[in-house]
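Peer 1: Below, each chain spelled out in residue letters.
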Amino acid sequence: MSMEPKSGQQPPDPVQAARMSTLPAPFPRQSAAPAIKTRRFALWRLRTRVAKILLFVVSLYLFILAITLMKEGARGLAPLLRNLLAVGSTASALGFGWLFAYAIMSGSPVAAAALTFFDAGIVDKLGAFAMITGSRLGASFIVLLIGFLYVLRGRDRATSLSMGLLALSVTASTYLPGLLFGAGILHTGVLDGVQMQSGALLRSFIDGMVDPVAGIVVSLVPNWAVFAVGLGVIWFSFSLFDKCLPQMTLKESQLGWMSRLVYRPWVMFTLGALITLMSMSVSLSLSILVPLSNRGFVRRENVIPYIMGANITTFVDTLLAAVLLNNPPAFTIVLVEMFSITVVSIVILLTLYKRYQHWMLGFVRWITASNRNLAIFMAAIFFVPIVLVFVR
Amino acid sequence: MRILIAVYGSIHDKAAVSLGAQIARRARVAPTLLAVASPNGKKADSLLACARESLASERADAETRVETGSVVDRTLSIARQGGYELVVVGEGTDPHSVLRRWQEPVGVRIVKDAPCPILVVKGPPRPIRRILLCDSGAGSPAISPFADEIDPTRGAATPLRRFATRLVELLAGDEEVTVLHVMSQMSARPGVRGNQLRADAQELIQERTPEGELLEADVQMLTLPGVQCYPAVRHGLVVDEIVAQARDGDHDLVMIGAHRGPGWQRLLLDDLASHIVRHVDRPVLVV
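Residue numbers (this note's numbering), protein chains in the order written: chain W, 1 to 392; chain L, 1001 to 1287.
If we strip away everything but chain W, and leave its shape as in the complex, we get:
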């Protein structure tokens, strides 16, 4: 239906290309009788679906294995983190989570690590909470980094950086108030009673299928390296999970109109939350917006509430990690994080959304207005977490 010109087509998306490379080859276009074509198409679709289901199962298994390894390995890291890096205070935990996410270019493994550190007694409740918050601030940097590389190659600043800057700004402006609000909730213990148990089935699965493999790894590598192996496995599990998502289906659905129509803020908020519930990654949810328009555009009005919604359900995997750790206070920490961000987001959407929208877009415009402003901003997002790490 769209008559968008071919001259406006965007360059190939590397994320999509990687995703497609692990799936069965595209359906071959050969001349054949219609009935044979239909049967072949049905078989191809079945193979694709089975491949995706298998990928999902494998990624889930690897996720559970990774949490088990990280739990075991966290105890070995305790002396290093306590003495060398001195991750003791809330501020230092926030900075550590932030920098850690920069280092591994992902937030979810850092959030899972925060829970394993809490389980091992390296950080307290508030420290784990702050580290998870820091992981989200660091995770928003990934989209920004890619944009920055394009700017260095001569591309327009605003075009390359706007989405990354907006994601980071919205995240910071909701998570930091959420940190204060959530700290209060943790202190009062209001949500301590809300728990989810892992269940006998999951427990027996872990005992039978995961613990033996984890035991082999623990016996083969030094204590401190077990955690690193677990981190690598969880990172790999997320990349496998990315490949399971029905991206092209989304394009042909009504989501494909997101570049052309202006939706109500609560609609985009809900959509961002639902899509990230499936993808479990904010950067992936944002990258899904790309193929929804032949020109790679989205409406400004749609983006901010979408990011706000995505920032809430991105914790679903961390919630699962807390269940797997069988540590009720860890579950509470993640629940409080989700709850506090939800409350802050809803308050913004209901009371001062228009002003908030102007502030965020105005801030992005200021940063991209000149190289000097951009340099100040980039320096700040590195300088601040480094300073926080050294706060006692």
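These are computed hints drawn from the structure, not numbers from a lab. Wrong hints could be hidden among the right ones.
No more than 25 Å apart at the CA atoms, straight line, and that leaves these computed lysine-lysine pairs for DSS-like [what the hints assert, rightly or not]:
| # | chain 1 | residue 1 | chain 2 | residue 2 |
| --- | --- | --- | --- | --- |
| 1 | W | K37 | W | K52 |
| 2 | L | K1112 | L | K1122 |
| 3 | L | K1014 | L | K1122 |
| 4 | W | K243 | W | K52 |
| 5 | L | K1112 | W | K354 |
| 6 | W | K354 | L | K1122 |
Computed, partial: chain W to chain L, Cβ under 7 Å [stated by the list, open to error]:
| # | residue |
| --- | --- |
| 7 | L145 |
| 8 | G147 |
| 9 | M163 |
| 10 | V262 |
| 11 | E301 |
Listed next, with one range per pair, are the computed distances between beta-carbon atoms [said to hold, decoys possible]:
| # | chain 1 | residue 1 | chain 2 | residue 2 | range |
| --- | --- | --- | --- | --- | --- |
| 12 | L | W1264 | W | A35 | 35 to 41 Å |
| 13 | L | R1208 | W | L149 | 29 to 35 Å |
| 14 | L | Q1103 | W | A103 | 38 to 44 Å |
| 15 | W | I346 | L | R1247 | 29 to 35 Å |
| 16 | L | R1162 | W | R365 | 35 to 41 Å |
| 17 | W | A375 | L | R1247 | 31 to 37 Å |
| 18 | L | R1247 | W | L54 | 57 to 63 Å |
| 19 | L | Q1202 | W | I36 | 49 to 55 Å |
| 20 | L | Q1202 | W | K354 | 56 to 62 Å |
| 21 | L | P1262 | W | K354 | 24 to 30 Å |
| 22 | W | N326 | L | N1195 | 52 to 58 Å |
| 23 | L | P1262 | W | S239 | 52 to 58 Å |
No residue lacks a Cβ here, since even glycine has one placed at the ideal position from N, Cα and C.
Since the structure of chain W is already known, use the hints to place chain L on it.
Peer 2: Just chain L now, kept in the frame of chain W:
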């Protein structure tokens, strides 16, 4: 064209009557003046007297009608029953409603359920010389997925374009029409070629983008003897850019399309028409 002018005690009643009378005189019709008074009918005479003064200054006459009750309900009801093609009303709060402190302004509420184009008047009365037509492309297949909005018997003309043409024909003198499309898009990721996000109207028309084709079609349809028509593009939030363009261009009238569509569309899509009516400080015609 059947025109209904509603007065109810708003500070913009005089401007509404003046503007409605201008259009009626050009269309060579006598408008209907509807005075919506308080339930006890006390203010009806004063409303009509003020309105007649404004009509006299425009050298126009009108048949009058008095109703009591809610301004929005009575106006919409009369508009539907009488088959009016244009309703003119001054912006303000409904003085007869106990909930007026918490309700949206009359113009915003009427626009949501209107059976015909609504001209919401605010600001001092002034002749219409400079018109700002804001086309989102909602009826154009190049931009909107809702192709069923277009009536194939009327070619590619959207309701907004058709009414704008009719209005411009009525006012044909020395009018200037600016056709504005606001691109509020931004790049969804790095690496996207964003030159269209900075292009002006002429560049978009030359590149034959959907927005350029829309503007070109609008300009072709609205270019009439004595009327100058210019395409314009702004980049930013839709409501902000329309408000800014109306102010910067000192336009006398802003024309926009209504928030329409089947149930789910109205629920999911943002009601930009209401936001624009609320924030623009001059007359807004919602088609």
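Peer 1: For every hint, state whether the structure bears it out.
Peer 2: To see whether the hints hold, each was checked on the structure:
no., hint, result
1, W/K37 / W/K52, "22 Å, holds"
2, L/K1112 / L/K1122, "18 Å, holds"
3, L/K1014 / L/K1122, "10 Å, holds"
4, W/K243 / W/K52, "7 Å, holds"
5, L/K1112 / W/K354, "21 Å, holds"
6, W/K354 / L/K1122, "23 Å, holds"
7, L145, "9 Å, violated"
8, G147, "4 Å, holds"
9, M163, "6 Å, holds"
10, V262, "5 Å, holds"
11, E301, "6 Å, holds"
12, L/W1264 / W/A35: 35 to 41 Å, "38 Å, holds"
13, L/R1208 / W/L149: 29 to 35 Å, "31 Å, holds"
14, L/Q1103 / W/A103: 38 to 44 Å, "54 Å, violated"
15, W/I346 / L/R1247: 29 to 35 Å, "33 Å, holds"
16, L/R1162 / W/R365: 35 to 41 Å, "37 Å, holds"
17, W/A375 / L/R1247: 31 to 37 Å, "35 Å, holds"
18, L/R1247 / W/L54: 57 to 63 Å, "60 Å, holds"
19, L/Q1202 / W/I36: 49 to 55 Å, "53 Å, holds"
20, L/Q1202 / W/K354: 56 to 62 Å, "32 Å, violated"
21, L/P1262 / W/K354: 24 to 30 Å, "27 Å, holds"
22, W/N326 / L/N1195: 52 to 58 Å, "55 Å, holds"
23, L/P1262 / W/S239: 52 to 58 Å, "41 Å, violated"
Going down the numbered hints, you'll see the structure goes against 7, 14, 20 and 23, while the others check out.
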